[in-house]
Amino acid sequence: MLNSLFVLNAQGKIIIEKHWRGVIPRQVVDKFNDQVVTFLAKPVYTPYTGRSLEDGSATSAQQRNGDLLVQRFALEDLPPVIDTPHYQFLNVQRGGLIWLSPVESEVEPQMIFEFIHRIIDVVQEYLGDVSEMSIRDNFVIVYQLLEEMMDYGYPLTTETSVLKEVIPPPTVYNKVYSTVSAAAGVGQKLPSGTLSSIPWRKLGIKYANNEIYFDVVEEVDAILEKNGSIISAEAHGTLNVNCRLSGMPDLSMTFINPRVIDDVSFHPCVRYQKYVSDKVLSFVPPDGHFKLMTYRVNLPSGQLIPLQVRPQVTATKNGGKFEVVVTPRPTEGKAIEHLVVTISMGKACTGVNASCSMGDHFYDSTNKTLRWEVGKVDIRGRPPTLSGSFSSSVDALDNPLSITLGFQINMYAVSGLKVDSLKIYHEGYKPYKGVRSLTRAGKFQVRT
Amino acid sequence: MSDAKYFQRGKIQELRAELNSDKKDSKHVRKKTVMKKIVANMTMGNDMSPLFPDIINVMNVPVLEIKKMVYLYLINYARNRPEMAMMAVTTFTKDVEDPNPLIRALSIRTMGYIQVDKVIQSLLEPLRHCLRDQDPYVRKTAAISVAKLYIYDRVLVEQEGFLDMLRDLLGDPNPTVVGNAIAALTEISERSENVQLKLNMSIASKLVAALNECSEWAQTYILEALMYCVPQESADAVMLAERIVPRLQHANSAVVLTSIKVIIYLMNYMDSPEDISSLSKKLTPPLVTLLSSGPEVQYVALRNILIIIQKRPEVLKNEMKVFFCKYNDPIYVKLAKLEIMFRLANPKNIDQVLNEVKEYAAEVDVDFVRKAVRCIGRLAVKIEAAAERCISALLELIQTKVNYVVQEAIVVIRDIFRKYPNRYESIIGTLCEYLDNLDEPEAKAAMIWIIGQYADRIENADELLEDFCYTFLEDPQEVQLALLTAVVKLFIKRPSAGEELVPKVLKWATEESDNPDLRDRGYIYWRLLSTDPAAAKAIMSDKPDISTESDNMDPMLLEELLLHIGSLASIYHKSPTTFLHHYKPRYLIPSPALQRQIPTTPRAEVRENPTDAMNGYNPYMSDFNQQPSFPVDLVNQADPQQNQQDISDPDFLIDFMLQSPFTRVNTFPYHLLYPHVNNFSLQQLIVTLTKSILRPKVLLTFLALTIVLFDLDDSEEEEWEDPGGFEAMEEE
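Taken in sequence, the protein lines are chains A and B. The first sequence begins at 1 in full-length UniProt numbering and counts up by one. The second sequence begins at 1 in full-length UniProt numbering and counts up by one.
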């Protein structure tokens, strides 16, 4: 159970705190910050200094290899669960904020993480962005949300649609409305959705135009070997829905090829048994935006990866040369857009010289990364190429480059999943139905 | 218009004046603004409690938003101002009867937070009403309030019969109410000594039926509560598990993980292997899917997978690829994945794993690289068929000359040498090229061990050891001990080569060093060599076999952790009792259906992981830490008759050992001493003996044992418990 929640900025200062079970003193945050400082200051590798420190000279081995690589962790490397004598610190980092929950008793961290993620999603939905500024600007709303979403450590209402009935989002309209009619007394009624057997949908929704949109978004996670062969590749798909339908429609959706899906998880509204027996998604949708299902597809054959990348790195004296060629693969005639290739040059890199056949490239000397913004790639044209050389203070081969890719392909689902039909029951109208798909890179990595 | 302006430091007087202002405020806009300011100040930690009486007046304002803020204020300050809190009670009791269920629920909820005796007293009656309220929203809020009340005053809750009322709520027509009632009961049961939640099959199946319709969080409560259901028949367990299976497809990872926990728990009560394996197959996809969530969820999933595959390896045996590390995974995810890859490795997939791990060994992340190198060594020890390939992989890595890689590789090569003696000595030459680069104690000690062990094969062993000796006095203890032993070994194997070094090192160890361990070991070797050089050969005796078995978790701990999947314990891989103060342990409760799986290799000692503050990040991975298992008979003269004697008599034990300590120690019938333990660790015996160290016989035995142990495993040195009474002995 969640005792308390502190929202900290990146400097570890409290932005907001909320206690559901007795107050945990703020000093606990200092303890957490101490842990963070110790963690960040902890050198991952310190050469053995038993003797060298005393007489002030480095040992012969260090002098020869010059690898005084004292690397330190970044904040992202902080483990989500930290064990200290009195408190267990569970923390979630998102957008420069740390959501910290110190606990003293056995809890289910998964539940706490899930809940914190949910809070972040809800705040995002309410405020449009989750940052120190936005929380400070709307702290009363955030506070009310925290109060409403949890009672005594037990999650209470976490459905945005229901919350919005209890706590109006800070829209201009609501602000005007609340100033004008704040005295309407206890106007709010009991949120109807909280306890019906369909808690995600309230009664009496009405739209002039009934429409429903489906967005299939697939992210490709892949690791490619330097020769182009695939070490692992899978697609994580999400089916996002924007539902603007009146009444209580009961929807039934089929796919042309549901077999491609390896594993799937559903929004609570989906009738699971129906899916197991007939591979049909049958559900009463929540109102507005929601995530209907997420699924995972293994991409075993190389044909399915939309891009082929062949990096070549050769070591020279004090550095190396590299060449990266990106070859697009057929993607049902859809172009690959927003292609970005990011090369981590390794910590020892001192400089980069590069030229590319398409797009622009920038070298960020603080992060030691080379960013190549290719843009739109046409399968018929010549494959875009980036080549150049870099200098490095250590042997190039000890410090391999790592390449990550970003791209996006509109109206294309890499898994091949396609919506076949959508039927509506219980309501007489004929809604407008739209389906879009999008494939983009998730963690797409190429080794060199 | 933003709320940020409310964060200006408000002066109490000003706020009070605003609150009580007589200005026209028919729409309560002004009051709302002041309340916002007060709440803002409260969150900044400014003390707003002097405003208490004024706030009480505001309580009656019939605007929900203001009411909420007032309640927020009361929760914060009422406990420190009990006399003031009483003033709020009248309003509370009025609100509890409000026609609006939202207000009824809100007031009962708030009263539960104000844990002041008198408020609690006046809460009892309304709470009883609310538990039977016609509105389910009020009922479910009231259920949670019972749990709040219980933590405040257990006796009161039991006396007033609230537990029975909660029990009645389990039959409530509304599934969410059922979920909250069971959550309250579970919490009460976990905190109480005399209340224990037990579910029979009929209640359990009612709960499972409610699963399909209640909110995701209520689902986790119900699933959690199912851990208290003890199936009496195998069929019940299977039926229950099958009905939970659909939950594995839930979008909420907490629901998924809790379902997995319950299913794995229920497997203990199933007698048919087919049922178990068909259920195991269903666990695979959801576990893999958890790995595509955010890093926190991923981390929890990985740590739990590590537990699950030790009990049910079939669940993920074909899923190696999903554990391959991505370049930008956070380090804690990478390390957890690496450990799982090691566990899943088998002769079939070893090539795939080895290629992958070699890739990691070339990454930039130093900590990860070290773990990868170490993993290669462990793979060699685990899978004999792959040892050759692992060795060549390690040699390749050594060629890169990256200092920390070389050192790490040497440490694991020592382990490989121990596991497969006299097989890969050909590479010693290569290793010797890197002697001068070694600057980490562990690597240095490993190299010295190798030289000492193979002193008869390495031509210039004496020169090499002599080189190390130059820095003997400055070296850390680990290196000194290794060097001392290695030099003695050299002397035993090639007396001519070692005769110069031995006296020098022994003299240093005994006279120059102020480290008692080193000094004592020096003395023992010295006396041994001077009185009975033949007995000194014991130093060269066969080493206990090492295996990666010892990396496995203690079976008892594993069973315990399996009951705690998804909890903090499952992340630390420690029993909850070791890091929590208030904790009610869980056991597998016997029933006719319980399949007792007798752990195959019970171990005397629960492996403790080194606990540092960042334990969550680097648990369990780091050390080899072999338990000596003494399969070796040194001289093979144990008299079977003697084993029959009364082992409980300590004098017999000691006499038995004293007959010839160096040969007897390995045949010592320690397994008779503790019949329930097969693998009794000698070290523990010594610790036991030290307790009566002042008896001369015991002292001698102790010394005899230590001599042999010294060379058994240096890495275990840290684990020695402080032998009590040691100081006293020295003074005598």
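None of these hints come from the bench; they were simulated from the model. Just so it is clear, the structure is predicted and the values come from calculations on it, not from any experiment. Careful: at least some of the hints might be erroneous.
Rough simulated footprint, nothing fancy, chain A against chain B, three-plus residues with beta-carbon under 8 Å [as the list claims (entries may be wrong)]:
id	region
1	513-524
2	572-581
If you anchor each label on the Cβ, the simulated ranges turn out as follows [said to hold, decoys possible]:
id	chain 1	residue 1	chain 2	residue 2	range
3	A	Asn410	B	Asp47	50 to 60 Å
4	A	His426	B	Glu97	20 to 30 Å
5	B	Ile151	A	Lys31	21 to 31 Å
6	B	Ser205	A	Ala335	32 to 42 Å
7	A	Ser277	B	Gln310	48 to 58 Å
8	A	Lys31	B	Glu14	49 to 59 Å
9	B	Glu14	A	Gly95	32 to 42 Å
10	A	Gly96	B	Leu473	43 to 53 Å
11	A	Gly359	B	Asp47	53 to 63 Å
12	B	Asn552	A	Tyr207	57 to 67 Å
13	A	Asn410	B	Lys282	44 to 54 Å
Glycine is no exception: its CB is placed at the ideal position from the N, C-alpha and C atoms.
Tested hints:
1. 513-524: This one is violated; 0 residues, fewer than the three required, reach chain A with a Cβ under 8 Å.
2. 572-581: It holds: at least three residues are needed, and the region 572-581 of chain B offers 5 whose Cβ sits within less than 8 Å of chain A.
3. Asn410(A) - Asp47(B): 50 to 60 Å: For Asn410(A) and Asp47(B) the Cβ distance comes to about 57 Å; the hint holds.
4. His426(A) - Glu97(B): 20 to 30 Å: Cβ of His426(A) to Cβ of Glu97(B): about 39 Å, so the range 20 to 30 Å is violated.
5. Ile151(B) - Lys31(A): 21 to 31 Å: holds (24 Å)
6. Ser205(B) - Ala335(A): 32 to 42 Å: violated (55 Å)
7. Ser277(A) - Gln310(B): 48 to 58 Å: violated (35 Å)
8. Lys31(A) - Glu14(B): 49 to 59 Å: violated (35 Å)
9. Glu14(B) - Gly95(A): 32 to 42 Å: For Glu14(B) and Gly95(A) the Cβ distance comes to about 36 Å; the hint holds.
10. Gly96(A) - Leu473(B): 43 to 53 Å: holds (51 Å)
11. Gly359(A) - Asp47(B): 53 to 63 Å: The hinted range 53 to 63 Å holds for Gly359(A) and Asp47(B), with Cβ atoms some 59 Å apart.
12. Asn552(B) - Tyr207(A): 57 to 67 Å: holds (60 Å)
13. Asn410(A) - Lys282(B): 44 to 54 Å: violated (36 Å)
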